[in-house]
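Colleague: Residue-level listing of the chains:
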Amino acid sequence: SQTIHQWPATLVQPVGSPLSLECTVEGTSNPNLYWYRQAAGRGLQLLFYSVGIGQISSEVPQNLSASRPQDRQFILSSKKLLLSDSGFYLCAWSWDRGVNQPQHFGDGTRLSIL
Amino acid sequence: KQEVTQIPAALSVPEGENLVLNCSFTDSAIYNLQWFRQDPGKGLTSLLLIQSSQREQTSGRLNASLDKSSGRSTLYIAASQPGDSATYLCAVEGFTGNQFYFGTGTSLTVIP
Chain A
50 SQTIHQWPAT LVQPVGSPLS LECTVEGTSN PNLYWYRQAA GRGLQLLFYS VGIGQISSEV
110 PQNLSASRPQ DRQFILSSKK LLLSDSGFYL CAWSWDRGVN QPQHFGDGTR LSIL
Chain B
5 KQEVTQIPAA LSVPEGENLV LNCSFTDSAI YNLQWFRQDP GKGLTSLLLI QSSQREQTSG
65 RLNASLDKSS GRSTLYIAAS QPGDSATYLC AVEGFTGNQF YFGTGTSLTV IP
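So the protein lines, in turn, are chains A and B.
Just so you know, the first sequence maps onto residues 50 to 163 in the numbering used here.
Just so you know, the second sequence maps onto residues 5 to 116 in the numbering used here.
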């Protein structure tokens, strides 16, 4: 079976500090991978998605970036965090079989910026 | 741009009651609609996915319907239980590929 792992579960960072959140998927190959942000009282916002190693598409311009150094590893980064980066970050995967593939989510990372 | 709305934002029902959650979307050009459950502080769990060519999907006590032309979907939960308490979100997949639009969810509380 497939599993998805995110870490850390919670993170408290000062403004201006760097960020690295990691997501890995097990039990599948060449998945589509996604990073979402869920802010309080708002729906999930798709930040990045990837259909393969080194292939990153950005949906929202911001000070965040994503990388996919390995097939089942997806990393969300920032060089300098802003207060507005606070939120709940979720990683998800889906089968690389075209459309109509359900998304499966990790347990998320709660990021608080001080 | 696709907008997904879920009403009500919160719902409280006594145990055993049947209930309906609503989801509406503005652009009918979708591949599918997916319902999720989110427990506090946790990620999303996929419940049901309805393809655009389908009218409904069922899983246990859950039944989801889709009326693409009117831009609406409902999630029916039969014989609700306290363990059903969670936030329920719907999401549509747009035609541009890898575009998923989420509603803000309905927070459900089932009272024992």
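None of these hints come from the bench; they were simulated from the model.
Where is the CB? At the ideal position from N, CA and C, for every residue including glycine.
Among the clues, some could well be false.
[As the list claims (entries may be wrong)] So the derived list for chain B, only partly shown, Cβ under 10 Å to chain A, looks like this:
{"no.": "1", "residue": "Gln10"}
{"no.": "2", "residue": "Phe99"}
{"no.": "3", "residue": "Phe104"}
{"no.": "4", "residue": "Thr108"}
Colleague: Going through the numbered hints above, which ones does this structure break? Give me the numbers in ascending order.
Modeller: none
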